[in-house]
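As they're listed, the protein sequences go chains A and B. Counting from 853, one number per residue, gives the positions in the first sequence under this note's numbering. Counting from 4, one number per residue, gives the positions in the second sequence under this note's numbering.
Derived from the structure by calculation, the hints contain no laboratory data. We treat Cβ as the ideally placed atom computed from N, Cα and C, and that holds for glycine. Worth double-checking, as some hints may not be accurate.
[Claimed, not checked] Label pairs and their computed distance ranges (CB to CB):
| # | chain 1 | residue 1 | chain 2 | residue 2 | range |
| --- | --- | --- | --- | --- | --- |
| 1 | B | G63 | A | G880 | 36 to 44 Å |
| 2 | B | G63 | A | D853 | 17 to 25 Å |
| 3 | B | G19 | A | S931 | 46 to 54 Å |
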Amino acid sequence: DSGVTQTPKHLITATGQRVTLRCSPRSGDLSVYWYQQSLDQGLQFLIQYYNGEERAKGNILERFSAQQFPDLHSELNLSSLELGDSALYFCASSVWWGGTPSDTQYFGPGTRLTVL
Amino acid sequence: KNQVEQSPQSLIILEGKNCTLQCNYTVSPFSNLRWYKQDTGRGPVSLTIMTFSENTKSNGRYTATLDADTKQSSLHITASQLSDSASYICVVSAGTSGTYKYIFGTGTRLKVLA
């Protein structure tokens with residue numbers, strides 16, 4: 853158990869809908885990262901927040917948005933869902949912003965999103 | 004274009020044997036290179052993290068090497084166990100000044116047989 857929690861574990865929805873994925877980082881970690889893992893594309897970095905502020909952006913679509921709240925939990929919002937958005941969405945956390953070599957990222961168990 | 008390529012795509016070995024997984028990257032500016040182990044359907048678990056100046060890093064039976072000149076890394080697994088069956092993913096961080104992006108390889112799927 854990494855100490856990172858994600859809810860829900862599974863989510864099934866229809867095209868065009870909007871969903872929110874939630875992540876609680878390990879106690880004491882200030883950074884939260886979101887990743888998408890699909891069968892055909894592997895793991896892709898979406899976005900990182902550090903202490904409430906966006907720190908780095910990867911291949912995140914405009915239909916997706918995220919935020920980190922004062923209690924450091926984070927939410928990933930996915931809207932206008934398409935079939936291709938079906939994937940495992942992982943959240944990870946680390947103590948610092950990722951700039952130090954020893955800044956290990958701890959991954960949560962993931963949320964499996966199925967868009968029908 | 005920032006890319007990370009891993010080989011082989013898949014590998015089958017017998018329990019107790021050693022194996023080496025490869026990672027080649029074209030990423031700039033390079034910050035660090037990480038190896039992760041991912042069991043099917045679960046989140047990745049960090050094995051090693053290496054910066055530009057580090058040539059080798061060990062974590063138990065896992066030893067990673069980095070050649071920054073040739074932009075190659077390898078992960079060596081010694082005396083493999085059934086529990087080593089998993090995907091191994093190489094990730095290179097690109098960026099400076101605390102703002103980084105993470106480029107993932109597609110992974111090597113390892114199967115250890117009894």
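Okay, the hints, checked on the actual structure:
no.: 1; hint: G63/B / G880/A: 36 to 44 Å; verdict: violated, 25 Å
no.: 2; hint: G63/B / D853/A: 17 to 25 Å; verdict: holds, 19 Å
no.: 3; hint: G19/B / S931/A: 46 to 54 Å; verdict: holds, 51 Å
Checked against the numbered hints given earlier, the structure breaks only hint 1 and satisfies all the rest.
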